[in-house]
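Fit chain B to the given chain A structure using the hints.
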Amino acid sequence: MNLGISATEFIAQVKAGMISVEEFLAQTFERIKKIEPQIHAFITLNENVAMVQAKDIDKKIKAKEKVGAFFGMPISVKDNICVEGLRTTCASKMLDNFVSPYDATVITKLKSEDSIIVGKVNLDEFAMGSTTEFSYFGPTRNPWNTEYVPGGSSGGSGASVSSMECIISLGSDTGGSVRSPASFCSVVGLKPTYGLVSRYGLISYSNSIEQIGPIARRVEDIALVLDIISGEDPRDNTTVSNKTVGYAKDLNAGVSGKKIGIIKQMTGEGLDKEVSSATNKAISKLQSLGAQCIEISLDAVEHSVEAYYTIASAEASSNLARYDNIRYGFDYSNEGFEFKAYISKVRSNFGPEVTRRMLLGAFVLSAGYYGKYYLKAQKVRTMIKSQIDDAFKKVDLLLCPTMPILPFKIGEKVDDPLKLYLSDINTITANLSGIPAISVPFEISNSGLPIGIQLLANSFEEKKLLQGAYALQESTKLQEVPI
Amino acid sequence: MIDRKEIEHLSDLIKVELKDPEKYIKQVEQILNYFDRLDAVDFDSEETLRKEVKIDGLRDDKYVPFQDNGKPLIDKLKKDPNNYIRAPKMV
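Chains as they are written, first to last, in this note's numbering: chain A, 1 to 483; chain B, 1001 to 1091.
Some clues are possibly wrong.
Stated by the list, open to error - Heads up, simulated BS3-like pairs for lysine-lysine below, C-alpha to C-alpha not over 27 Å straight-line: (1) Lys345/A <-> Lys1026/B; (2) Lys1005/B <-> Lys340/A; (3) Lys409/A <-> Lys33/A; (4) Lys93/A <-> Lys1062/B; (5) Lys1019/B <-> Lys345/A; (6) Lys1019/B <-> Lys419/A; (7) Lys1078/B <-> Lys340/A; (8) Lys1026/B <-> Lys93/A.
The set of hints was computed from the structure by calculation and includes no laboratory data. Everything numeric in this text was worked out from a predicted model, so none of it was measured.
Next comes chain A alone, as it looks inside the complex:
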């Protein structure tokens, strides 16, 4: 049985009776057990519940009863999104035994379409990081070369989809956390427009920036998931009603006559040579399909890294103040402790990256520094948004490589936080300005490591974005994952 089929193929084959959901799920868990010792994408498996659901769906299909649009499709969920009855650890010791009492809105929607959650996947602690090395449970490994990082923070999502442990995964993207692992693991990852997908049930890190986004092996699968998870949610006041339904329709509209802006600041100096040549190749392919490519300069993005990390750290330090190990957390008695002494003691169990960001956040918000850092960062954010608005008056889409560098070895940059922050330069613009962005796998380097190309569109123009991404995907044929 081919576990590497797309979501659309899975649905068609189950509908046609060519495969049974139970058999597909059983083989999926067999594969998970076989390769997890090498990949470590999962934190929690949901095998017993998943197999019961699979049998139920098969029964319903046989009895010709109504079945949801996903027909038992196996999905994995980043472990900062709540699924009722399963642990939601955020890859942190601080939430080690936290079992979620409710489903996130995206989970309610996916469950109502009969998708099956195979398990919760690894991330950098509280989604802070870009390599998945900052997980309390240990790093996830890149299926293309297990000595390398899978990207992050949704590294478990990227690796589980890439290595055929599931068909689709949900991640979250605060500064590139869906697109970075998509690029490094050779899968597709979308960060939707801020407000398109409900964040209810996503454990907060940086509320003004983050979005839940899907990871899949094909662009058409991303469109299918977006059709289900997008839309207004009374439980998240930042969501808007979604009038552009039908992302999966007309995906093959092509790019002929479309104007694509090549972002000057993200395609020039500082790029890895192979990433640069892959980007040029992608531009040529799109031109040969009839797109017109012009250079677009976004001066303000030269200050995006410091603006992004100022804002994200400030929001993180506020959001993470709530973890006190009293109502849930790990076993550590507070008998005999004074309140603050206990809280400070247990909170020393946050990992190094979370601690750094809380320290930075407390600093940039503190008296005397607010104007110097936080306020200026907000102004840079406004400048970026205004330059993006101007750019989309001239072009339909923007393009740049998703990551300026190739995947690197585990441990190589773990003690150099600034270097890691700088590798987010191409992804954070979409988060600061709220626009949608997608990473499409485009090439494999000579050393066998994936390179992804990023397309960006104006707010709520996911349809146009997915059409561009589909054209790019169809313009190249990539080798299969070696694992």
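Only chain B this time, still in chain A's reference frame:
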């Protein structure tokens, strides 16, 4: 300039007992030095990004019972045999 005193003040603000303050002094300083690039930005506007929301666009403030599916929330919390949550002393 981040020194020992400043990092202790920050760790007090975020309520985290730092195991290795020296490491954080170095890293936080290095990152803040990078953040200082914000000083070089030439702002042509004093505005920051905001979005106006109409008051009638907010949902009604009404009680919605929690669907606990028969499993009370308290069962998911750390508690003693008498169903109390124990907190440290507030002195």
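Report task. Could you grab the alpha-carbon distance between Lys409/A and Lys33/A and see if it respects the 27 Å cut-off? Result -> 24 Å, holds
Query raised in the report: Are the Cα positions of Lys1026/B and Lys93/A separated by 27 Å at most?
Result: Satisfied, since the Cα-Cα distance of roughly 25 Å is no more than 27 Å.
Report task. Compare the distance between the alpha carbons of Lys1005/B and Lys340/A with 27 Å, and conclude whether the hinted pair is satisfied. Result -> 19 Å, holds
Report task. Take the C-alpha atoms of Lys93/A and Lys1062/B, compute the straight-line distance between them, and say whether it is at most 27 Å. Result -> 35 Å, violated
Report task. Sort out whether Lys345/A lies within 27 Å of Lys1019/B, counting only the CA atoms. Result -> 10 Å, holds
Query raised in the report: Does the alpha-carbon distance linking Lys1078/B and Lys340/A stay inside the 27 Å limit?
Result: Answer holds: Lys1078/B to Lys340/A is near 19 Å, not above 27 Å.
Query raised in the report: Taking only the CA atoms, is the gap from Lys1019/B to Lys419/A under or equal to 27 Å?
Result: 23 Å, holds
Report task. Starting from Lys345/A, check that the Cα of Lys1026/B is at most 27 Å away, please. Result -> Given pair Lys345/A, Lys1026/B holds - Cα atoms ~22 Å apart, limit 27 Å.
Taken one by one, the earlier hints fail for this structure only at number 4.
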